[in-house]
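Number of protein chains: 2
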Amino acid sequence: MTANAKIARRPPVLAIIGATGAVGVDLLRCLERRRFPVAELRLLASPRSAGKRLPFMGLPHVVASLGEESFAGVDIALFSAGSATAKRFAPVAVAAGAIVIDNSSAFRMAEDVPLVVPEINATEIARHAGIIANPNCVAITTAVPLWPIHRRNPIQRIVLASYQAASGAGAAAMEELLQATRAYLDGRPYEPRVFGHPAAFNLFSHDTAIDPATGYNAEETKVMAETRKIFADPGMRISATCVRVPVLRAHSLAITLTCARPIGADEVRRLLADAPGIRIVDDGASNHFPMPLEASGRDEILVGRIRRDASDDDGRSVALFAVGDQLLKGAALNAVEIAEHLL
Amino acid sequence: MTANAKIARRPPVLAIIGATGAVGVDLLRCLERRRFPVAELRLLASPRSAGKRLPFMGLPHVVASLGEESFAGVDIALFSAGSATAKRFAPVAVAAGAIVIDNSSAFRMAEDVPLVVPEINATEIARHAGIIANPNCVAITTAVPLWPIHRRNPIQRIVLASYQAASGAGAAAMEELLQATRAYLDGRPYEPRVFGHPAAFNLFSHDTAIDPATGYNAEETKVMAETRKIFADPGMRISATCVRVPVLRAHSLAITLTCARPIGADEVRRLLADAPGIRIVDDGASNHFPMPLEASGRDEILVGRIRRDASDDDGRSVALFAVGDQLLKGAALNAVEIAEHLL
Numbered sequence: 406m407t408a409n410a411k412i413a414r415r416p417p418v419l420a421i422i423g424a425t426g427a428v429g430v431d432l433l434r435c436l437e438r439r440r441f442p443v444a445e446l447r448l449l450a451s452p453r454s455a456g457k458r459l460p461f462m463g464l465p466h467v468v469a470s471l472g473e474e475s476f477a478g479v480d481i482a483l484f485s486a487g488s489a490t491a492k493r494f495a496p497v498a499v500a501a502g503a504i505v506i507d508n509s510s511a512f513r514m515a516e517d518v519p520l521v522v523p524e525i526n527a528t529e530i531a532r533h534a535g536i537i538a539n540p541n542c543v544a545i546t547t548a549v550p551l552w553p554i555h556r557r558n559p560i561q562r563i564v565l566a567s568y569q570a571a572s573g574a575g576a577a578a579m580e581e582l583l584q585a586t587r588a589y590l591d592g593r594p595y596e597p598r599v600f601g602h603p604a605a606f607n608l609f610s611h612d613t614a615i616d617p618a619t620g621y622n623a624e625e626t627k628v629m630a631e632t633r634k635i636f637a638d639p640g641m642r643i644s645a646t647c648v649r650v651p652v653l654r655a656h657s658l659a660i661t662l663t664c665a666r667p668i669g670a671d672e673v674r675r676l677l678a679d680a681p682g683i684r685i686v687d688d689g690a691s692n693h694f695p696m697p698l699e700a701s702g703r704d705e706i707l708v709g710r711i712r713r714d715a716s717d718d719d720g721r722s723v724a725l726f727a728v729g730d731q732l733l734k735g736a737a738l739n740a741v742e743i744a745e746h747l748l
Numbered sequence: 406m407t408a409n410a411k412i413a414r415r416p417p418v419l420a421i422i423g424a425t426g427a428v429g430v431d432l433l434r435c436l437e438r439r440r441f442p443v444a445e446l447r448l449l450a451s452p453r454s455a456g457k458r459l460p461f462m463g464l465p466h467v468v469a470s471l472g473e474e475s476f477a478g479v480d481i482a483l484f485s486a487g488s489a490t491a492k493r494f495a496p497v498a499v500a501a502g503a504i505v506i507d508n509s510s511a512f513r514m515a516e517d518v519p520l521v522v523p524e525i526n527a528t529e530i531a532r533h534a535g536i537i538a539n540p541n542c543v544a545i546t547t548a549v550p551l552w553p554i555h556r557r558n559p560i561q562r563i564v565l566a567s568y569q570a571a572s573g574a575g576a577a578a579m580e581e582l583l584q585a586t587r588a589y590l591d592g593r594p595y596e597p598r599v600f601g602h603p604a605a606f607n608l609f610s611h612d613t614a615i616d617p618a619t620g621y622n623a624e625e626t627k628v629m630a631e632t633r634k635i636f637a638d639p640g641m642r643i644s645a646t647c648v649r650v651p652v653l654r655a656h657s658l659a660i661t662l663t664c665a666r667p668i669g670a671d672e673v674r675r676l677l678a679d680a681p682g683i684r685i686v687d688d689g690a691s692n693h694f695p696m697p698l699e700a701s702g703r704d705e706i707l708v709g710r711i712r713r714d715a716s717d718d719d720g721r722s723v724a725l726f727a728v729g730d731q732l733l734k735g736a737a738l739n740a741v742e743i744a745e746h747l748l
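Quick mapping for you: the protein sequence lines, in order, are chains A and B. Its first residue numbered 406, the first sequence is counted upward by one per residue in the numbering used here. Its first residue numbered 406, the second sequence is counted upward by one per residue in the numbering used here.
Just chain A, with the same shape it has in the complex (with noise of 0.2 Å):
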């Protein structure tokens, strides 16, 4: 029997793997919230955290230590460890018979391993060959929005800079920015960890390695790399400088596109107000535009700033601002929805 017929029968038997980072802790509250029928959780992680308690629906659970053993019987187990642990163990676990989804960039561009947005492309699930990857935060926040302009009006190029959040490198980074500001406040030195530069009222180039034969960072070529894959697109053209803001938990973008064909302001605000998972706020009036205080905690994209691109010469481009909660739809919340898919 295969590990999706299992699954139909029954609640799945769920693992989470890297449980108490910070994709982890929101794997957990969307897991509630969305009221994922599960059978058992598992909660697994280091062995440094092993033993710790987190609660789920009301109880605690006690974090076990992440081993060869710790697949047995499980349906689905969620990553949310980084890359060098998903290739180690999403193996073991599909060779228990468990289903991955994987938050890392290990599989993503594997030809055997879908890489899924469900609002864009959830009928790639079913050709899985054990793994799904969820994407890089940043190509959701990316193909969620322009997802509804490119099925009307294929769009040819993308020019996107980015406003990441210190929670794109997990909780500690999180945690780094707000103690490196309190320093800075308090006129004390701080020593970064997390981070290769000082966060405090700072921003830097995403210190992911530079790639010197094209000058594009780790981020950057993930981004590009992804959202052709998740659009299906190939030849797309698409170019990102990913910058690292003093921001705690939303990803920031400003987007210029360019479709095939003509397309006005008006046109795309229409296609996006019906799109899913996708909040309009684009009040010139007020100056109310997505910011990510107002995206953090929220399960859409919020998308405004939506103009003719005034570098345009021929109606085809068009200027965006979107902003969403990397651990949410840029995390936590795809990886959850991919999972509604294979009940």
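Hint data in this document are derived by calculation from the structure and do not stem from the laboratory. The beta carbon of each residue, even a glycine, is placed where N, CA and C say it ideally should be. Misleading hints may appear alongside valid ones.
[Unchecked claim] Label-pair restraints from in silico Cβ distances:
{"hint": "1", "chain 1": "A", "residue 1": "Asp671", "chain 2": "B", "residue 2": "Gly478", "range": "54 to 60 Å"}
{"hint": "2", "chain 1": "A", "residue 1": "Asn692", "chain 2": "B", "residue 2": "Lys492", "range": "22 to 28 Å"}
{"hint": "3", "chain 1": "A", "residue 1": "Asp638", "chain 2": "B", "residue 2": "Asp591", "range": "46 to 52 Å"}
{"hint": "4", "chain 1": "A", "residue 1": "Met514", "chain 2": "B", "residue 2": "Glu437", "range": "40 to 46 Å"}
Let chain A serve as the given structure and place chain B on it in line with the hints.
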């Protein structure tokens, strides 16, 4: 005798209007640092600030209240007091025989007012009719690194997204960012007074008025129009997304540009390496790129992340990241450089 001829014969009598503001204070420091010759320094501000003392060359100078009689004998009046004050008092200063260098947007787009970045169009200064305009800080930070490219291989299109510091909204805004952040960390509420939105760990679309016809805000409209005027290229296609971020005093820009002819990243790096007012910070191996923290207090605009635009399809597009101290090259320093050209 013309004002220019007077100045040439002896050190000028200098007035600073808005002396107690963020730009005013940096004007004093720039004049000192560059040993600008001054026969007499007159500090002017609103009645609220009159009586304050500001140091210049080691001596306290008393701030006087700005009025109709303030400009008798003044050779050069450096205005850093906002549009309304400039509109009212710049003509008064000119009538009294002074040359005005105005940091506000009041006169920038007027036909008979040169809009000057000395590295680019110092020759424009000579055609002034009493008023010379200092460009918008984002326009300066855009124009300085793009000019050496534009003069060799005309830039046809610019798409930019800004990450603007609190300093652009003045000293009170910088103080608000600090206070709002401290309140956030202490768990206290904070009611924004300067900005329309919460500043702590948040960002927002630049809170100038949106033009309902274009969807662009006043800051973006200035950046686009002024860059065209500085480059004397009214047909240049440019679009800006201006965003306020929780940074204290340097503006960052993610820029994608398209030239008339093919251009490579190495060529851009070569063109910028010897250009005035620019410092290349582009070390991919150590992930060291321009940051507000390192640009603050520096005269040069830092430029890095120079790379072929990944969304390019014909070799004519390049991406880069520029960071400049908004109060120095973005305001005070550029104004003092213009004044130096008057001597």
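Right, here's what the structure says about each hint:
Between Asp671(A) and Gly478(B), the C-beta spacing of about 57 Å keeps the proposed range 54 to 60 Å intact. As the Cβ distance of Asn692(A) to Lys492(B) is approximately 23 Å, the hint placing it in 22 to 28 Å holds. At roughly 48 Å, the beta carbons of Asp638(A) and Asp591(B) sit within the given window of 46 to 52 Å. Distance hint check: the CB atoms of Met514(A) and Glu437(B) are about 56 Å apart, inconsistent with the given range 40 to 46 Å.
When the structure is compared with the earlier hints, a violation turns up for hint 4 alone.
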